[in-house]
Each structure stands twice: as structure tokens, then as C-alpha cells.
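J.: In case you want the letters, here they are:
2 protein chains.
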Amino acid sequence: MIDFIFNPSSIAVVGASQEEKKVGNAVLKNLINGYTGKIYPVNPGRTEILSLPCYPSVSAIPDRVDLAIIVIPAKAVADSLKDCAKAGVKGVVVITAGFKEVGGDGVAREKEIVEIVRSAGIKMVGPNCLGVMNTKNKMNASFAAELPPEGRVAFFSQSGALGVAIIDWAIENNFGFSKFVSFGNKADLNETDFLEYFAKDPDTDVILGYIEDVIDGKRFIEIAKEVTKIKPVILIKSGATEAGARAASSHTGALAGSDRAFTEAFRKTGIIRTSGIQELFDTAEMFISRKTPKGRKLLIITNAGGPGIIAADTADRLGIKLDPMTRTSIDTIAEKLPSTASLYNPVDIIGDATSERYKIVLDQAIKDNSVEGICVILTPQAVTDVDNIADVVISSANNTDKPVFATFIGGQRVRNAINKLKGFRIPCFTDPSIAIHAYRKLVDFVQLKSKEISDELQIKIPEQNIEEVKKIIQSLQSQGVSEIGGEEAMQILSLYGFSFPERALAKTPMEAVAIAERIGYPVVMKVSSPHILHKTDVGGVKLNLNNDKAVYNAFVEITTNVKRVMPDAYIEGIMIYEMVTGGKEVIFGVSYDRTFGHMIMFGLGGIYVEVLKDVSFRIVPVSEQEALEMITEIKGSKILDGVRGEKPYDKTDIANCIRKLSKLVMDFPIIKEIDINPYMVFNNGGIGLDARIII
Amino acid sequence: MIDFIFNPSSIAVVGASQEEKKVGNAVLKNLINGYTGKIYPVNPGRTEILSLPCYPSVSAIPDRVDLAIIVIPAKAVADSLKDCAKAGVKGVVVITAGFKEVGGDGVAREKEIVEIVRSAGIKMVGPNCLGVMNTKNKMNASFAAELPPEGRVAFFSQSGALGVAIIDWAIENNFGFSKFVSFGNKADLNETDFLEYFAKDPDTDVILGYIEDVIDGKRFIEIAKEVTKIKPVILIKSGATEAGARAASSHTGALAGSDRAFTEAFRKTGIIRTSGIQELFDTAEMFISRKTPKGRKLLIITNAGGPGIIAADTADRLGIKLDPMTRTSIDTIAEKLPSTASLYNPVDIIGDATSERYKIVLDQAIKDNSVEGICVILTPQAVTDVDNIADVVISSANNTDKPVFATFIGGQRVRNAINKLKGFRIPCFTDPSIAIHAYRKLVDFVQLKSKEISDELQIKIPEQNIEEVKKIIQSLQSQGVSEIGGEEAMQILSLYGFSFPERALAKTPMEAVAIAERIGYPVVMKVSSPHILHKTDVGGVKLNLNNDKAVYNAFVEITTNVKRVMPDAYIEGIMIYEMVTGGKEVIFGVSYDRTFGHMIMFGLGGIYVEVLKDVSFRIVPVSEQEALEMITEIKGSKILDGVRGEKPYDKTDIANCIRKLSKLVMDFPIIKEIDINPYMVFNNGGIGLDARIII
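Those protein sequences? They're chains A and W, same order as listed. Under this note's numbering, read the first sequence as residues -19 to 675, first letter to last. Under this note's numbering, read the second sequence as residues -19 to 675, first letter to last.
There may be inaccurate statements among the hints.
Because identical chains cannot be distinguished in the list, a pair is counted as satisfied if it fits within a single copy or across any two copies.
Here are the computed lysine-lysine pairs in the DSS-like style, where the Cα-Cα straight-line distance is at most 27 Å [to be verified]:
| # | residue 1 | residue 2 |
| --- | --- | --- |
| 1 | K316 | K1 |
| 2 | K271 | K451 |
| 3 | K347 | K618 |
| 4 | K2 | K339 |
| 5 | K316 | K2 |
| 6 | K631 | K615 |
| 7 | K593 | K627 |
| 8 | K631 | K593 |
| 9 | K2 | K62 |
| 10 | K103 | K62 |
| 11 | K615 | K593 |
| 12 | K301 | K593 |
| 13 | K627 | K515 |
| 14 | K402 | K440 |
| 15 | K593 | K618 |
| 16 | K316 | K80 |
| 17 | K522 | K627 |
Derived by calculation from the structure, the hints in this document are not laboratory data.
Use the sequences and the hints to build the structure in full.
T.: Rendered as C-alpha cells:
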């Protein structure tokens, strides 16, 4: 573990400076101001800095050094790290900038220092970062002036500037942090390492972070999945508008995009995503109580109609259920409340509500099994005893495992009560709409956690089929083919259990008739030629052929048409296909994200995907539950239940197709993209009509 | 006008009290504490209160009284208002509760006082309200303890409790108000009156409000439309989840809902809607500069990458365009900025940015015609000179008509600069995502304002057609019919210019053939009987009949089928219809909202409306521009452009249908609901297949 970075027993500051305004001075001062372990300034030009003995190098320090903070010019960092390695330093924080982020030489410099620390077994934060902080041991190993208040929320940031701003904000808003790290270029330690560490940190209840990308998506997913089982993780991932997907060559690729991959990665791991800074902290506020609701049912208690309605509107919009309490509960509170109170949900205990009235409803709501979470709203009206009400909320909340959160609207008149509530880890807001939005994230978290996503794929593909696919792909690769068209794509997919129309190539009219007789009428006939892209345009396609005569004539006709229009095209023959009728058109796809790997796509075909972009994605491996979710997630999902008197379409077949694709790309990661479009799903089973694979 | 309510020269407090904690004491004290006009306590039991001479009644006051504040028990209010009338009082603020909101006797009491004030020509605020405030003349005619700071934002609230909380919040957050009114039950003066007044108030730049419903929707729309031309109006309308629409009997009605009507009313009038309290004030903050952008192009200037990306992501998601500056501009700033700066959009002037760097980019952006708005982001990094940068932003912003807003992220280190910026009416935020959301509302406002929605309907319906519809409706009404089915509904709609298939009733097989010959093959035949609801189920429908023989046989077959299955049904004959093929299925509808009246609905038919609920609405009268917007607004709109090689469908015909319906319900407001479903639109024109009207 990397505990020596946050809890070192000794720290060296390489580049410590006596000069005010220098970063090496700021860092040293910040350490002296709080940290109680041993501090060793390192600077070959001095023997003492800020009354501490100064050393020419880390290896010259007579004591063992756990952590070194590096604030010297970029060019000197490599040598300094070698010296750290010699001295047996465990961790380094390279604040110095001028590495990968500046391009050119910087890239090589970064590569060099990574090699040094990795071969020495040193763990490195940075380079190009603000530093690290631990409020518990008062260690401010950064150049930000002040430590934020102590609290139970850990924060990591890819942006140092945002880190500075957030610490400044936290101080003013009395928002407590346990630990803070700005990891800059994250050349060695990255988001996944800190997720892993904060998960085990006993001083941290909630993990927040700001990231712009993820290093090693597979490991991130693997670790994050475990971390969210222990603690909530709430992240801002910016850069959503990145144009990465534009160059994608397939339909699926164009719909995917890298931001979509992040959304899916977060979903898969149970990470809560927010898009704004304020939203990040509002969400964190809701998680500080560490209590989670059993379901979506929330009771609102208010002393004012308006804010109660705003909360109810928001809840309704976000799918939070506002069921009333049980009949017994309502009867119980009715006896004790004035007749003008509204007893359902929101429970409106009226403008002159005392703390006693809040207590009556809170106590009953806690007992009532139909209440899964409680929102207490207060406006500071003429007779409102704000502080007493806060006390009642605190004692009630301490008496239950249900989440209880408060919305005390106002300024000066509610300030003290809010601080009191927060002191007892009761989430407190000043806007009902924001409070309910944050609650929705809590509900999301519970739902995400409740899913036991099994990676084990039930889909079994016979070993010899996998071998055969391997041969086909190898052969195509050796021919330099990267886009695998109809026939071979269908062959590969068939070996993984997909159905395609029965079909065969006829070289003569008589052969065509024989094939059609075997397949059964009606059939479809298409010219087969490597030179013809748009078969219909050259009269190369005939549909719905019902008998031998029609097939015979169609063969002759197609051949004549094509020869007339494209006399030089080489005609391999005419493909005879089973004609598929009925069914609902859907589309399956695979895209590849450079961070998280393969994603499977599903959507309703035709206009739904082209115009409405109504598709769902999941990162591979896709479990059965995830596959079923992909189906219900699309807006047009009801269409598959059968509308206008149709029978329901076969969702099990759809889910199986998704999982077969998941298995295929796991077995053959060389596959980059797949489109199966259209695929016709029936009431029982389904069949693909066209497919392409890109390797 | 009602200026005497906010600027009275004399005020009587009816129910003034010497006793601390009584509302009559609080109101009087609040007035004494700031208001400099004449104050007359009224209380028959005393001769002096708080050192002011006290009168037994308003009419006993020797001076003329402009405004009376009423804080006596509900039962005594009526008599007191009569006394006010006698004394020639112009306005009253009835703080007293116990009227309509308590039901029972309260309803009658409210009716009585409304009659008294209306017949006396007195304007009344309330009853059941917090009171009114004017920060300019320091008048606090309410029982809220303190006046908010002076500012240029007016606020009205239907909820007194929310009003109290917001004033408390405003004081702590230094948010300035010009005027404040809590209008409680709004028995006399309501939201529309205050909109009208604040529009003309020279001390108000932005109008905010909280409402739960609207009294007289037609007048609200009419006035609000004019007000938003002068000043932005930003409202919370709560109660969105009201179940009003559930009972609606038609397809359209079920999709409408009263919240939808509010959304449409706000759109029609140019009112900005927000759903949360914080969002309301964040939006107001963006409007305080009174500058509006020409278009959607925004330039972001930042000294930190992360927050810049967050802003850019949000902008992209909300449709704000981040075009770079012109080549010339980029070259100009490139010369003056460090080489590591990013020159496009966001312009990243790097962590060590000075105020000079901000000035270089700001000056160029102001000159550059491709920049329509400017967002200045700052994080307080080590060398950031926050206050100087604020000064640069202020002087630049004062030099341009383009909106310039700031996002200074942090706490203590940016506080002073933020206050400075706000002092110069430069919108300032601490979260880039919130800032961009607010900017989007500003862009919306510009767009809403730029639309000159003409109520003049181009659709002309011949007078005799209108007369004929009148006769049909009168006749149906006299028969007690409220649901008008197929034939009559088609007749009414045909008179308003809708096309339906050619059709006629045949009594004999020979007549059927004659009709079919006249209409032209193919035809559809359906049994006509008042007793048969599901015609297909009894074998009463035949499609696609191509010749005389088929029609003759179908007549016989249908008659036989129906007689066998339902021997007692009265058969009027068989309807012969022109068979409609091709075209795209759409749906038109009319619903009725009790606040705003008729709304027209449009959507793609079938699954699009049933499963995806992809429909648009507009309140009547619907202009041509609005009708065209209704078409582009639906998600599947592209389908009408023709996909997969189809020709575009006739949008002009669709827009005309919408306007014909608008005209029809304006001419016949007795019509409550209409469904034309399906309507087949072709490349040129269209035709309805079924219709029903509810009166």
C-alpha cells in the first residue's frame, strides 16, 4: 500500500528554499505549520533553512526518509530521484512541471523518471502536481496555503488548479476533507491507486475525484467495482465533448464515443458521476451519513407548502416515490397534529410548527416500514424554533438506519442549525430541489450496488468452433483484409451461434433451382461479384421468388442485367437466400474504446437507430442481467413487448445475441467493430440479415 | 397602476399592537424602522402605540391614507375593509389568514372581502400573505424581520413561507431586491398585476417569482408577452406533478397535462422557467447585466485547464457554441501570450496568468465579431492576482455590449473580487457548470424574444362553412351528444378544410358498386351500424377491393357475417371508402387546459405517439411559425424529411392542419378535445382517416 505517502514518519523537501514566494519555501513552510514528523530540507547551497538543518542531498540525510517532495527544475529531477532511490525513499511527490504536459523533451523526461522510480520500487505522485494533504496528521505537503478542515471525505484531482480552488472553497464552506491528492500527470500513481488506497483508509467515508481520463481502463473497472462495495465514489469526468468517436468507421462506433464508454464504465463499477463542482459536493453531502435507503420511497415533512411542492415535483421528475405512510401511522399523527395539517406526502405540519410537531411525524415515520427515507424541510417563519427543530432531527436521525436529510431554507436564521446538523453527519441543504437531486444519487448508488454483476458467461461456444473462427480470421489477416464483409462475417458469427438465412451459391440456372428447392420457397437471389457494390442498381437482386420457373428466369435475367450494365465485372454466381418475412428489425454492434475496450450495442433497427439514436451500450464482459437491462433501457423497449396486438418478441434471444458478441470479442480481441444490421427478431428466436466485422 | 402599494405616502396598520411577538407589533415596528412616510396605528383599545398616536378606525384618521395593512382576526376583516372604503384608502394588504385556504367558512369570507374591495375600487394584496417590501423607500410592510439588501430584482411569491426564507437567504448572500410581495391567496391582485407593475417599475431590471397556479390564463399570456419584451421574467411554477390530466378522456388529453400547458404558456410569452430556488437566483444573476448575446457563440477564457473543460462540456451539452476567434484575433493574442497558452476555445492562459494576460484576450474578444459572449474563469493559484483580474474584467465588460460573466472558483481568496464584480453588475459564479447553465437561459431568452409571434391567422374559412359547423354542433348538442364520432367529426373537420377519404353509404350491393365506380378502385367497405363498435370482429370490414364483382360480393358477405354474429344489430348500410395507401402516419389533437384554454398537439402516429410519446403542443392561437416549430420540435422530425430514400413529406400541409384546428377551436370554444388519428401525410397534401371530437 501507499500509506507512507499520507502518513510518512519523515519527509525530505528537495529544493527547499529560504526565499519567500518560491514554491520550495511554500512547501517547507506548509509542512512546518502542521506536520509533526521529521522534516529535512534538501538544498546543496545551504546548511539551514527556516531553522531546520539542511542537507545537500537526500542520501546525505542521516535518518531514513519515507517521503520526498521534489520542487527542483525539471531537468534535475531524474538525478534527484536516483539519489532518493539510493537513500531508500519509499515515496516521492514530484511537484515540478515541465514533463509530458509540455510535449517535446518533456515526454522523454517523464519516461526517464518513471523508469527510475519503477526500477527502484519508489511510488511517485505527479509530476506537475499540487501535492498531497492529510488533515488527520496536519500534513500539508503541497504549495496550497492552507489545509481544508478535517472531515471524512477524500478527494483526488487531475487538475491542480481545480484542487487549489476547491480547498479554498472548502475552507470557506467548512467542508471537511480527510485526505487530498493532486496527481498531475499521474505518470506512476493514478486514480486507480488512490481509489484502492482510500477504500481502505479508516478516516475516509466518501471518495470524490476529478479526472479527465483513466490510465488502464480494465484495472480501473476491476478495482473500482470492489471499492464501491465498501464506500461511495463520486467523480467528475470532464472532456465529454472530445471528438474521439468522429473517425469511427462503423455505425456502432459512431454512436459510441469515448464519453459513452465512461458512462458505461461508471455504471458497471457503481461510481456516481456528476458534471458540476457544486453538484459533486451536494452529492457528497448526501452520502456523509453513510445510511442508504432500502428503496425509492421518501417521506417529506415540511412546515411550508411551497418548498414541499418543489421537493415533491423534483422527486416525481426523478422517480423518487412519495407514497403516504400506512393508515395506522396517519391515524396516529392525525390525533396529535392540528386539523389543518396535511397528513399525506408531503406531510405539511403548517407554518407555526413546533419542534414537537416535527418529532411526532419523525418518530412515526421511523417506525413506519413503508417509509424508506425522510426529508425534513424547514423555512424560518415567525414562530419557528429553528435550533430546537435541528435537535429533534438529530436525535431522531440517530435513532434509525433510514437516511434522514434536512433542507433548512434561508440564511442567518438557519445557519447555526445547519452547522449543528452537519456536525452530526446529517446531510443538510438549503434548496429542496438540490436536496432531492442528491437523494436521487443515493438511490442510484443503492441500485448500482445491489446488482451482483457476474462476469461468468453462461454462453458456451464449442472449442472446435472457436478454432475454426481463429483459422478464418488468420487467413483473412494474412490476406491483409481488415473489413470482413457479408459471407465471411456471417460464417464467423454462425460459429458463435448466430442464425443467418439459409443460402448457397449457384453457378447455373439449374443449380439455382436445386438450391431453391432445398431451401424452400420463397427465396431471394443476389448476384455475387467482388466488383459490384450496389447490387440493386445493376438489376442484380430479385425478391420473393415462389417457384422453380421464377428462380430459373431470375438467374437468367440477373446475369443478363449485370452483363449489360457492367460487362467487365467478374460474376462468381448468384446467391440464393431463404426469404425472411415478419419479425422486428433490431441492430447489434460492437465498438472499441481505447480506455475500456469493447462495448456491445443494442438498438431497434431502421429509423429508431438512424433518427432517434435509441441505443444502449455495455462494456464487455456483458452479463445476462446487463444484457436484459440493455433491452429495457432503450426508449422504444415497449415495442418489443408487442404493441397493437402483436405478440411479444423474443427478448431471451436478444440477450443471448448480446452475450454471444461479448464472448466473441473476448475470445478475439483483435476484432475492433461489428455491425449486425438488420437482425430480425421473432416471437421465438431471430435471424441476422447482414453483418460486417472490422479487425 | 398600483404604485400606491409600494410607494404610499401614508400607511395605516389595522391591528397595530404594543405587545411584543404579536404580528401587529412586528409590522408596525418594521415600518417605523425604515419607512419615512406617515404611519398610523389603528387599534380601538389604545391611544398610542410605540410612541405614535393610535386611532380607533381608519376613517378616524384625520389624514388621507394610501395603504392599510390589515392584521386583525379574519372575522373582523370585512368590517375593517368597509371602513377603509369609507376613508378612501387606495390599497390594502391583508396579512390575516383564515380565508379560502382553510376551506369552509373561509371561502365565503374571502368572497365577501373581494366584493367589498372591488366595489370600493380598492386594490388588495392577500389575504393570507406575508406583506410587501420596497427597498428603495425602506418600506417593510410585512412581518418578516428584515429588509433584504437594495438591488434591481423584483420578487413575487405565492408562498409566504418561501418568501421569508428567501429574504433571509438574500440577506446572507448579499443578493439585492428592488421590491418584494407575497400575495398569498391572491383574491384580488395576482401574478399578472405584479408582472404588469414591475415591468414599468424603473427600479426593477429583472422579475422573479414563485407561483403554484395562475388566475386567468388568457390575461396572463397577454400581459406576460408584453412584459418580457421589456424585462426578463424568471419563474418557478411548482405543482408540476398534479394529477389533473389523468382523467382526460382522449389520447391528446392524456398526453397534455396541466404542467405541459404551463410550459407552453411560458414559451409563448417568453418567460424563463426554473425548477429550483438556487437555479432561480443563479439565472437571475446572469440577467443582472442587462446585456444579451446576439447568438449562441461563447468564448471561454481560463487560467486552469480543468474548469475550462467542465465549462466546455456543459456548453456543448446545452448547445452553446464554442467557436474559436478569427484567425486575425488568434494571431494577435498569440504574439502576446506564452507559447504554452492554448489559443482556441477555451483560451487557456495558463496557471501563472496575470491580469495583463486576461486583458489581452478580453480586449481582442470584444473586438472580434465572431465572439458573442465571454466567460472568464479564474482559479486562485499561487501567483494569481485575483483583485487585479476582477478590475480588468470590470473595465472590459463596461466597454462592450456583449455579455461578459465571471466564474471565480474558490472561497476566501475570491470573495472580495466576486463582491467587486457584482457591484458592477457583472454576473459572477463559483461553479463553471452552473454559470453555463445560467448562460443557456440567457440565450433561450434572446431566442424567445426574437420570435415575433403573430396571432393573426392566415387560415381563412368561408363564412358559410362556419355557419354549417355551428348548425351541426347545435343539432348534436340538442340531442345531448358530447362525443362526436367518425362521420359527423369528419364533416365538421371537412368544413374547416381537412380532407378525408371519399366515401358514401350503400344500401344495396348494386348501389355499392355504383359508389365504388364513382370513387375509383381500390375501395374499403365497412358495415355502418350504431350497435357495432368493433367492426372487424364481426366480419364487418373488407379492404382492398379492386373491381365491381369484389364489391358486390363483399356487400353480401359483410351483411351475412354481421347478421349471423349480431342478428339484432340495425344495419344502416355499408360505407364505401376510397382506399388510402402510402403516406406517413401522423396525429393531430386538441386538448383543453382549465388555465390556458385550448392546446393543439402534433406527433408522428402509431408507435411514436403510443410508445415514445413524441409529441409537441402549442397554446391556441397557433401562428404559422409556431406550427412549423411544432413539427421540428418532435424527436422523430427527421423522418418527415424523408429517410431511406423517401421524398420529404408535406410539412406545409401539417402546419396548415395545425392552424385549421387552432381556428376551429377559437371559433367553437365549446369543443373540448379533438383527435385526428391517423392522418396520412403525403409528399403533397394529406388525408385524415379517422377523427373524433368531444364537446
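J.: Could you tell me which of the numbered hints above are not met by this structure, giving the numbers in increasing order?
T.: Failing hints, ascending: 2, 3, 14.
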